[in-house]
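Required output: the full structure, derived from the provided sequences and hints.
2 protein chains.
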Amino acid sequence: MSTQLTASGPITLKTINPGILRADYAVRGKLAALAAQIRVDLGNGTHKWPFNRIVSLNLGNPQGCGQKPLTFFRQVLALLEYPELLELAEAGELGDAFPQDTRTRASALLRAVGSIGAYSSNYGYQCVREAVAEYISKRDGFPSVPEDIFLTCGAFEGMLISMTLLSGGHMQQPGERVGVLLPVPFYPVYRALLITLDLVPIFYHLDEQEGWKVRGKSSLENVIADARNQGIVPRCIVVINPSNPTGTVSSQANLETIIELSAEQNLVLLADEVYQENLFPGYTFVSCKAALRRVQTTRSSQDTRYSSLQLISLHSVSKGMVGEGGQRGGYFEAIGFPSEVREQLQKLITYMLQPASAGQILVDLMVNPPAPGQESYPLYKQEHTAVYNRLQRQADALDKAFEQMPGVHCARAQGAIYHFPRVGLPPAAVRAAKEMGETPDVWYCKKLLEATGVCVVPGSGFGMSDGSEDGKIWFRISFLDDETGWIGAMDRFQRQLLERYAGK
Amino acid sequence: MSTQLTASGPITLKTINPGILRADYAVRGKLAALAAQIRVDLGNGTHKWPFNRIVSLNLGNPQGCGQKPLTFFRQVLALLEYPELLELAEAGELGDAFPQDTRTRASALLRAVGSIGAYSSNYGYQCVREAVAEYISKRDGFPSVPEDIFLTCGAFEGMLISMTLLSGGHMQQPGERVGVLLPVPFYPVYRALLITLDLVPIFYHLDEQEGWKVRGKSSLENVIADARNQGIVPRCIVVINPSNPTGTVSSQANLETIIELSAEQNLVLLADEVYQENLFPGYTFVSCKAALRRVQTTRSSQDTRYSSLQLISLHSVSKGMVGEGGQRGGYFEAIGFPSEVREQLQKLITYMLQPASAGQILVDLMVNPPAPGQESYPLYKQEHTAVYNRLQRQADALDKAFEQMPGVHCARAQGAIYHFPRVGLPPAAVRAAKEMGETPDVWYCKKLLEATGVCVVPGSGFGMSDGSEDGKIWFRISFLDDETGWIGAMDRFQRQLLERYAGK
Numbered sequence: 001m002s003t004q005l006t007a008s009g010p011i012t013l014k015t016i017n018p019g020i021l022r023a024d025y026a027v028r029g030k031l032a033a034l035a036a037q038i039r040v041d042l043g044n045g046t047h048k049w050p051f052n053r054i055v056s057l058n059l060g061n062p063q064g065c066g067q068k069p070l071t072f073f074r075q076v077l078a079l080l081e082y083p084e085l086l087e088l089a090e091a092g093e094l095g096d097a098f099p100q101d102t103r104t105r106a107s108a109l110l111r112a113v114g115s116i117g118a119y120s121s122n123y124g125y126q127c128v129r130e131a132v133a134e135y136i137s138k139r140d141g142f143p144s145v146p147e148d149i150f151l152t153c154g155a156f157e158g159m160l161i162s163m164t165l166l167s168g169g170h171m172q173q174p175g176e177r178v179g180v181l182l183p184v185p186f187y188p189v190y191r192a193l194l195i196t197l198d199l200v201p202i203f204y205h206l207d208e209q210e211g212w213k214v215r216g217k218s219s220l221e222n223v224i225a226d227a228r229n230q231g232i233v234p235r236c237i238v239v240i241n242p243s244n245p246t247g248t249v250s251s252q253a254n255l256e257t258i259i260e261l262s263a264e265q266n267l268v269l270l271a272d273e274v275y276q277e278n279l280f281p282g283y284t285f286v287s288c289k290a291a292l293r294r295v296q297t298t299r300s301s302q303d304t305r306y307s308s309l310q311l312i313s314l315h316s317v318s319k320g321m322v323g324e325g326g327q328r329g330g331y332f333e334a335i336g337f338p339s340e341v342r343e344q345l346q347k348l349i350t351y352m353l354q355p356a357s358a359g360q361i362l363v364d365l366m367v368n369p370p371a372p373g374q375e376s377y378p379l380y381k382q383e384h385t386a387v388y389n390r391l392q393r394q395a396d397a398l399d400k401a402f403e404q405m406p407g408v409h410c411a412r413a414q415g416a417i418y419h420f421p422r423v424g425l426p427p428a429a430v431r432a433a434k435e436m437g438e439t440p441d442v443w444y445c446k447k448l449l450e451a452t453g454v455c456v457v458p459g460s461g462f463g464m465s466d467g468s469e470d471g472k473i474w475f476r477i478s479f480l481d482d483e484t485g486w487i488g489a490m491d492r493f494q495r496q497l498l499e500r501y502a503g504k
Numbered sequence: 001m002s003t004q005l006t007a008s009g010p011i012t013l014k015t016i017n018p019g020i021l022r023a024d025y026a027v028r029g030k031l032a033a034l035a036a037q038i039r040v041d042l043g044n045g046t047h048k049w050p051f052n053r054i055v056s057l058n059l060g061n062p063q064g065c066g067q068k069p070l071t072f073f074r075q076v077l078a079l080l081e082y083p084e085l086l087e088l089a090e091a092g093e094l095g096d097a098f099p100q101d102t103r104t105r106a107s108a109l110l111r112a113v114g115s116i117g118a119y120s121s122n123y124g125y126q127c128v129r130e131a132v133a134e135y136i137s138k139r140d141g142f143p144s145v146p147e148d149i150f151l152t153c154g155a156f157e158g159m160l161i162s163m164t165l166l167s168g169g170h171m172q173q174p175g176e177r178v179g180v181l182l183p184v185p186f187y188p189v190y191r192a193l194l195i196t197l198d199l200v201p202i203f204y205h206l207d208e209q210e211g212w213k214v215r216g217k218s219s220l221e222n223v224i225a226d227a228r229n230q231g232i233v234p235r236c237i238v239v240i241n242p243s244n245p246t247g248t249v250s251s252q253a254n255l256e257t258i259i260e261l262s263a264e265q266n267l268v269l270l271a272d273e274v275y276q277e278n279l280f281p282g283y284t285f286v287s288c289k290a291a292l293r294r295v296q297t298t299r300s301s302q303d304t305r306y307s308s309l310q311l312i313s314l315h316s317v318s319k320g321m322v323g324e325g326g327q328r329g330g331y332f333e334a335i336g337f338p339s340e341v342r343e344q345l346q347k348l349i350t351y352m353l354q355p356a357s358a359g360q361i362l363v364d365l366m367v368n369p370p371a372p373g374q375e376s377y378p379l380y381k382q383e384h385t386a387v388y389n390r391l392q393r394q395a396d397a398l399d400k401a402f403e404q405m406p407g408v409h410c411a412r413a414q415g416a417i418y419h420f421p422r423v424g425l426p427p428a429a430v431r432a433a434k435e436m437g438e439t440p441d442v443w444y445c446k447k448l449l450e451a452t453g454v455c456v457v458p459g460s461g462f463g464m465s466d467g468s469e470d471g472k473i474w475f476r477i478s479f480l481d482d483e484t485g486w487i488g489a490m491d492r493f494q495r496q497l498l499e500r501y502a503g504k
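Protein chains in written order, with full-length UniProt numbering: chain A, 1 to 504; chain B, 1 to 504.
Keep in mind that the hints are not guaranteed to be accurate.
For identical chains, the list gives no copy identity; a pair is met inside one copy or between any two copies.
To be verified - Straight-line alpha carbon distances no greater than 16 Å define the calculated EDC-like cross-link-like pairs of lysine to aspartate or glutamate that follow:
#, residue 1, residue 2
1, LYS68, GLU84
2, LYS30, GLU343
3, LYS14, GLU340
4, LYS472, GLU208
5, LYS14, GLU343
6, LYS14, GLU176
7, LYS30, GLU438
8, LYS347, ASP24
9, LYS472, GLU438
10, LYS446, GLU435
11, LYS434, ASP470
These aren't lab readings, by the way, just hints derived from the structure by calculation. What you are looking at is a predicted structure, and each value in this text was computed from that prediction instead of being measured.
Quick look at the structure:
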């Protein structure tokens, strides 16, 4: 029956968008499904698993892992959802539930945007676009204008708009395939989205020996030359800074390599900067925009390769100390587009985007939080610091654990919310994986999950090799969750695994 | 300079996705831009316009036009944004700001979903999927299951997922073009989205003489035959019920025509049912799903064309008495897909969708509002009725006005929130439009805006002819805004226009 359906329905495996068939999103893939099954067992109480909870370190889901929302942000949102509270508060009927500055902020927003149940402009609330431009101007020391800012439901929509602009090459030139350079390891949604839209990922490998930095320009040029030889036209390069999954923070010099390449090879530069607030001591965030502006000051303004370099930068409220992924807020800044292309971008936005109100308000609060001297500042500062310290503590604990674990190598966390350790598996372990019909990296992560309850994502989901050839595997693990003994369990797991398969 | 940029940047008018170039979204197009300019003038005070405000009847934006949010809904959302309010309320510190049943509902949701700042499953909160399935089961009298329900940020994402499933045909069969049947007049986002994704719209004209009903099956078969002759493979048909822009409510018989066609021609049926609560007295909503289930009971279960018909139904919180478009909530139900296709759909959702928390909560409240006997019911009922009556009053006022206006013909409102009147322009008016370099429908809507402040959308944006040939034009006008004299102004405008151009 099922076979017959396949043969006969309008959407079958033969007629479905083939990009979907080839796409793969490991973060929410088979291991996450196995974790969900185990969670059901744990709920039943009669299970035989050697742990009491699933530690979901596969996702970058801060509030799903116990990160606390910032009180000021939620107070303002509550007032905007139910503005009658403002009147009740003014009438003194709510005690001190809402400090004066949250009420002032909510009132100002309410006057500017009206009911949050109404559609905003597709570009987003004008007042929030202005606040974002001001934030970027201060952050970078180079001006940003509200007209370049577009609000989104999280960073994904910025990716979707960018990739939609690039797709459809075959309609212009029959057979033309447009390529997008992706770092390896990459954030898996990029690869999935690209191939769904019939764009070709062109992979450039980061240098693990150098803490996952971008390699020299010539290595990128070789990758591009190879792509061109295969009839692929590279038109965009993706940079993730701080990096997902490696946590690497890019310097001005690293970014200049990418900027020069983009200028010389005529590429749109897509800068994914959603982890810009997740930085450990000693590391500074340099935005692609600021790096570009600095480069532009050193180049002749006649060199339009630089003066009109096309850059789209993404940010969101999902990470950092805000961590409100479920509420869907974000923005992108688009610069360097000639006016006639910009008009097309704006038109595309009018039918593809409608940013969520709560997410937009969160963007406003993120870029303009309580300032010193304001009533809500002390609590905001205290909560912000607590989130930061918790992340750092957990990252440190994992850093130390990986340093001790035999067979594991991991760069220390610089930023973002993940580690991306490498594990050397003995040949016997690789054989064991193959006997189970699994790739070694998936096999390892499954074993880890079943032994410890810790759910991570195998490196092949990020474009790394799966360990079949040489036993080298990787996995991504977030450090969002409280340590409740699972780090020790991981250590024991690793030692027992090496012991069991050693020398065989 | 600009020309040089065009010639040299990575994204130019020559390299941009050509679907975007050909797309057009009239609802937020040039007229809306002109209205925005006029609004700035009005704000300055020294303007010369013969009106004091822009009446934005181009958008279907309920709360942007004064529709009040439902108090119960907003109370629950405020409690979920700031759960400390629950504790304060329990401690008696908030007076009677939150009735007991809103607190109970918010507590139950909070227990089920945790912080709304965390990501939900990409499919949506399980408890909301269950509530939706129960709602559909009751509405239709046929069972619905949570596994078929996927939460979205508004109905658009259901459209996006559906069209993404269908796109990429050229990758399977070089040169294959996949077509989607769209009603004319259509909701313009469909056409724009289709051509952006390289799908081909195949237009089937509704019958204005019969109140914009679907014509007989043979007329649809002719349209499909023409498409096939041009090498287009039709794979989906879109039905909008109640209709945007005509307000027509489809009967079981109308839907059966579409269902039979879908079965016989192997089409996915995409039912856009976002206006299902916007119905005037005497009209009943029949969902495509219920219509299909009824048809299935009369057919042999061996006839898999019917038993496995692929149907995707869309709904949202943006319209109806909820009207929370800015908060982005919606869902789609997908039935009839064989398991291997369903797996692909689920995978696509894991990297394309992340429904907004507030929108999901609103879906929950919409499908399960306060019930008789509950503390919040009387206020809910009163507000719900007030919104309904306001819409009906405004629709009636426009119905009557159009009946009186010379040269205007308009079907009475049955449902949804729009009228779609036809205007017969005298030849001299058509010539005047051409002299201004405008199509007659755009010219008319511009004149109307400049004379009355009323912003509507020209019929050509919905696929209707623009009046160049015979002076017949259409426009879409929502009846969301309070009548403040603008109906009389429209009447005067129409009479003066006919007088000025009559007999010439």
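Verification of the supplied hints:
| no. | hint | verdict |
| --- | --- | --- |
| 1 | LYS68 - GLU84 | between (26 Å within a copy, 12 Å between copies) |
| 2 | LYS30 - GLU343 | between (42 Å within a copy, 12 Å between copies) |
| 3 | LYS14 - GLU340 | between (39 Å within a copy, 11 Å between copies) |
| 4 | LYS472 - GLU208 | within (13 Å within a copy, 68 Å between copies) |
| 5 | LYS14 - GLU343 | between (37 Å within a copy, 14 Å between copies) |
| 6 | LYS14 - GLU176 | between (23 Å within a copy, 13 Å between copies) |
| 7 | LYS30 - GLU438 | within (12 Å within a copy, 57 Å between copies) |
| 8 | LYS347 - ASP24 | between (30 Å within a copy, 8 Å between copies) |
| 9 | LYS472 - GLU438 | within (15 Å within a copy, 66 Å between copies) |
| 10 | LYS446 - GLU435 | within (14 Å within a copy, 72 Å between copies) |
| 11 | LYS434 - ASP470 | within (13 Å within a copy, 73 Å between copies) |
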